[in-house]
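> Taken in order, these protein sequences are the chains called L and A. The numbering of the first sequence is this note's numbering, which starts it at 1 and goes up by one. The numbering of the second sequence is this note's numbering, which starts it at 1 and goes up by one.
Think of the hints as simulated: they come from the structure by calculation, not from any bench. Ideal placement from N, C-alpha and C gives every residue a C-beta, glycine not left out. Worth double-checking, as some hints may not be accurate.
Part of the chain A face toward chain L, derived, beta carbon under 7 Å [claimed, not checked]:
#, residue
1, 32
2, 34
3, 42
4, 43
5, 44
6, 104
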Amino acid sequence: KAGVTQTPRYLIKTRGQQVTLSCSPISGHRSVSWYQQTPGQGLQFLFEYFSETQRNKGNFPGRFSGRQFSNSRSEMNVSTLELGDSALYLCASSRGTGENTEAFFGQGTRLTVV
Amino acid sequence: DQQVKQNSPSLSVQEGRISILNCDYTNSMFDYFLWYKKYPAEGPTFLISISSIKDKNEDGRFTVFLNKSAKHLSLHIVPSQPGDSAVYFCAASRRSRTGNQFYFGTGTSLTVIP
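Pulled out of the complex, with its shape left as it was, chain A reads as follows:
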């Protein structure tokens, strides 16, 4: 059962424009959400996170929005740059005495066209 879903396998955006990557989740117990960026043949790199007590977190060109009622989060990249071309994974977790198991989406491949 896929608890975190990224329904768009790929996205193409012109350089300088906004990239919006979307993610949906089903488990209302998740309280921490993360975005990772992955280049081919490398491990995912942590990008940005947001706690469920917030609805927005910004870090430079990257902003994550959380809509708890819709169980939806999105990553905005403004302005998009060719170096942003990668696969982006969203992930969710919840605090637990038995640890933080991270649930990942299937990824969205972003291509930024120069």
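The following block holds chain L by itself, in its conformation from the complex:
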């Protein structure tokens, strides 16, 4: 079956602009989580959506937001971009029903803010 799909793969934006990233999870997966990866910082958890509701949230400013649609696809939005937002943004999907299971990642969106 198809894996996790993230679009676009690469983005270049200017400071102050906003950006929207998209993630389509594996069919049947209802949980979508977003992570930011920067050098030396590992994977920083942004938020998790399950059945169109934000269920968990990491320690990021309000400029980072997201949503999930009824088909489980998710979008992440970053407003008023800063240079420090340049990173690889990863989306992961899982069944999310509480049992122990792995999360599957997309290839990520590389965002560069100039």
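Position chain A relative to chain L; hints supplied.
This is chain A only, laid out in the frame that chain L set:
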């Protein structure tokens, strides 16, 4: 607060030898542990996992060991191959009605020297 820690940012090993990657965690409520492998410009790929009811799980060349009393897990790769060169992330989660939030370490970059 980093609940999952990988204290070695990098590791170099000769081809054919054993690679041992280590990970420590602080939250005793974690009951599921995972290892992911990541190549540059790609999303992490699930490698192997272990439930807290076990102390060892093996899959081919990869073995994960869990020491709950020490809150420590390790990934052994035997024999190491050049294609294993990548960044390895350990992750931990716990079952919850509000979903499985995954906590990731900062990664260890493994280089297998031919």
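> Give a verdict on every hint.
Results for each hint:
Taken as an interface hint, residue 32 (chain A) checks out: its beta carbon lies about 4 Å from the nearest beta carbon of chain L, inside 7 Å. Hint on residue 34 (chain A) holds. Least Cβ distance to chain L is approximately 6 Å, under the 7 Å limit. Hint on residue 42 (chain A) holds. Least Cβ distance to chain L is approximately 5 Å, under the 7 Å limit. At about 4 Å, the closest approach between the beta carbon of residue 43 (chain A) and any beta carbon in chain L falls short of 7 Å, and the interface hint on this residue holds.
Proximity of residue 44 (chain A) to chain L holds as hinted, the smallest CB-CB distance being about 5 Å (cut-off 7 Å). Hint on residue 104 (chain A) holds. Least Cβ distance to chain L is approximately 4 Å, under the 7 Å limit.
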